[in-house]
Amino acid sequence: MFSSFYLPPFFFLMAGAIILPLLPKFLRSGSFILFPLLSLLVIWISPFGDLLTVGFAGYTLTVAHVDGLSRMFGTIFALITIIGGVYAYYLEDTGQQVAALLYAGGALGTVFAGDFLTLFIFWEIMAFSATYLIWARRTKESEGAGFRYVLVHLFGGGLLLSGILLHLSGGGSLELTQIIRDGSLSSRLILLGVALNAAVPPLHAWLADAYPKATVTGAVFLCAFTTKAAVYVLIRLFPGWEILIIAGAVMTLWGTIYALLSRDIREILAYSTISQVGYMVVGVGIGTQLALNGAVAHAFSHILYKSLLFMATGAVLYTTGTSKLDQLGGLAKYQRWIVGLYLVGAFSISGIPFLNGFISKSMIVSAAGYSHYEAAMFVLMLASMGTFLHTGLRLPYYTWFGANWGVRPKKEAPTCMIVGMGIAAFFCILFGIFPSLLYTWLPFDATYRPFTVPHLVEAVQTLGLTFVGFWLMKDRLAGEPAIPVDTDWFYRKTKPVFWAVFVRSVNFFFDTMEVKAIAFARSVAVLSKNPVRFFMHDESTDTTYSANRYRKPMSVILFVILVIFVVFAVRGTL
Amino acid sequence: MNRNLWIALGAVIVLSFIAEFTRKAHHWWENIPGFYIIFGFIGAIALILISRYLGKLFIQKNEDYYDVQ
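Protein chains in written order, with the working numbering: chain A, 773 to 1346; chain B, 4 to 72.
Where hints are given, some of them may not hold.
Now the in silico label distances, taken between C-beta atoms and shown as ranges [to be verified]:
hint	chain 1	residue 1	chain 2	residue 2	range
1	B	F20	A	R1108	49 to 59 Å
2	B	N5	A	A1147	36 to 46 Å
3	A	A1272	B	K64	16 to 26 Å
4	A	I1018	B	W32	15 to 25 Å
5	B	N5	A	F1274	55 to 65 Å
6	B	D67	A	G943	48 to 58 Å
7	A	W1261	B	P36	21 to 31 Å
Below 30 Å or equal to it, Euclidean Cα-Cα: the simulated BS3-like pairs (lysine-lysine) are [to be verified]:
hint	chain 1	residue 1	chain 2	residue 2
8	A	K1265	B	K27
9	A	K912	B	K59
10	A	K1246	B	K64
11	A	K912	B	K64
12	A	K1096	B	K64
One-sided and incomplete, this derived list gives chain B residues near chain A with beta-carbon spacing under 10 Å [said to hold, decoys possible]:
hint	residue
13	I10
14	G13
15	A22
16	E23
17	A28
18	H29
19	W31
20	W32
21	N34
22	Y39
23	F44
24	G46
25	S54
26	G58
None of these hints come from the bench; they were simulated from the model.
Idealized CB from N, CA, C, for every residue including glycine.
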């Protein structure tokens, strides 16, 4: 009975995307946060189970399926939409607000989807609405990055849809359930499609390409939804697939190395996102109850502190007009709130105890240890030190401390920015000090105690000495006017080849065909202009038809008439 | 950096080194005293040097790298 008038969580955000542009301009920013608030409310009053099903083309689609796992992701997605809405209160750009609501709606739809087809539809909504948040920056770079973003995600969506269709045609169920590791093509295609959105190398370059070029507020939403929705799908479909341990471990180090080399402060954060999502992917790959809980908790923590970091760096870009590490420096005295709140996020992501990164990251590292993946454990610890190096030390040191190269804030950051960051920082500290507030709601059956002597010793010693290492070698980490080249090389630098193969050769084919077709048409036209010429062996060079030229003389007709007349006359006399 | 902060950092690390001896080792490397101190220092230096090396080797390019065909 309940399902007949149940409104799924994404409904309010999608409805918001339609209602918002109809409101008076001064109400739009304020009412933005009402829609995710309603979604959050609905998520928490919804009972578990399939709450809304729709018949479609002979299938029964489960549009809203709520359980412990989807509730956790739904909660954090709705929460970060509220926080991002507060941060973006100053913004007067209805297009971006609508795109952000659609994007959040797509993300919520994805995590509450009970079947593959519903999942795919919301997956694509996310891709398109996110693209708008990149284009809305309205620079030449963002235009190109947006195009690459949407093309790469269409490719990923194609992989996912091909996998789903193969899965269905092979007798697989439409329901979103764990996929068995049978080496089938369908499961591999689905895994690749999801891995692309989770930014698993070599399919990850879209992330670091697009996020630094998005708008100030757009990046806050971008860093929250796409990769974490993909992690959710990985947890749902591929728990315990060991390949994910390797993929995740590669991600953590790849992101670390590139973040140490990046020039743009938001690119550093983009690569640090890849590194952090690597932890979650490793957690899914281990697949024990503790590891899966760790992946969920880390996604939850990550969205809070990474949005906080993107908000703070966005504020730097907004106030100074640049986000290049080598141009920034010494801004702390102008931006005390921003640097303070940034450091809360930076220390959280670095796994400093009593902040929320520590309570979730250590779960995954411990789970790797319990399952005797010791190499993976070492990689994760190393990446953790790398995270502290680039996001916790390099970025803030060369942005707010160190020497000033002449760039100063041209304007004050709006109060709403500081408030939004403050809310995110509050949650980072809250869950860091009281982890049970988060642990209580984790969907899998495993308990974990973060504040034990071995965990604290490991964190204090590795991070403390990382700081010493940074201080000794910090000159080598200053920003340089260079860009790191990643796997997007294969579709950016090879553009002339792609252009030749897919555009120029196709154009050449059609151009040639057109010329040939016109030539053929012309030759046929020559025939049809004067067909008589060919039947009458006309030797003249005149190709156009002229009736007079072929008109038989009158005498012939008269002669024929005369002959007939004579014949009948002779016959009559006989 | 402030001298007091260095003293605080040193104190925390010394404290953690003492605390080490109260825990039960779960992995073989935890039997080495101060293992994470060594790992933290060498790891951080190695990450910086390796990333710099790879950067110079092939990762870092001029800013107009993708604009020039």
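A quick look at each hint next to the structure:
{"no.": "1", "hint": "B/F20 / A/R1108: 49 to 59 Å", "in the structure": "violated (35 Å)"}
{"no.": "2", "hint": "B/N5 / A/A1147: 36 to 46 Å", "in the structure": "holds (39 Å)"}
{"no.": "3", "hint": "A/A1272 / B/K64: 16 to 26 Å", "in the structure": "holds (23 Å)"}
{"no.": "4", "hint": "A/I1018 / B/W32: 15 to 25 Å", "in the structure": "holds (22 Å)"}
{"no.": "5", "hint": "B/N5 / A/F1274: 55 to 65 Å", "in the structure": "holds (59 Å)"}
{"no.": "6", "hint": "B/D67 / A/G943: 48 to 58 Å", "in the structure": "holds (53 Å)"}
{"no.": "7", "hint": "A/W1261 / B/P36: 21 to 31 Å", "in the structure": "violated (46 Å)"}
{"no.": "8", "hint": "A/K1265 / B/K27", "in the structure": "violated (53 Å)"}
{"no.": "9", "hint": "A/K912 / B/K59", "in the structure": "holds (28 Å)"}
{"no.": "10", "hint": "A/K1246 / B/K64", "in the structure": "holds (21 Å)"}
{"no.": "11", "hint": "A/K912 / B/K64", "in the structure": "holds (20 Å)"}
{"no.": "12", "hint": "A/K1096 / B/K64", "in the structure": "holds (15 Å)"}
{"no.": "13", "hint": "I10", "in the structure": "violated (13 Å)"}
{"no.": "14", "hint": "G13", "in the structure": "holds (9 Å)"}
{"no.": "15", "hint": "A22", "in the structure": "holds (5 Å)"}
{"no.": "16", "hint": "E23", "in the structure": "holds (5 Å)"}
{"no.": "17", "hint": "A28", "in the structure": "holds (8 Å)"}
{"no.": "18", "hint": "H29", "in the structure": "holds (6 Å)"}
{"no.": "19", "hint": "W31", "in the structure": "holds (9 Å)"}
{"no.": "20", "hint": "W32", "in the structure": "holds (9 Å)"}
{"no.": "21", "hint": "N34", "in the structure": "violated (12 Å)"}
{"no.": "22", "hint": "Y39", "in the structure": "holds (4 Å)"}
{"no.": "23", "hint": "F44", "in the structure": "holds (4 Å)"}
{"no.": "24", "hint": "G46", "in the structure": "holds (5 Å)"}
{"no.": "25", "hint": "S54", "in the structure": "holds (4 Å)"}
{"no.": "26", "hint": "G58", "in the structure": "holds (4 Å)"}
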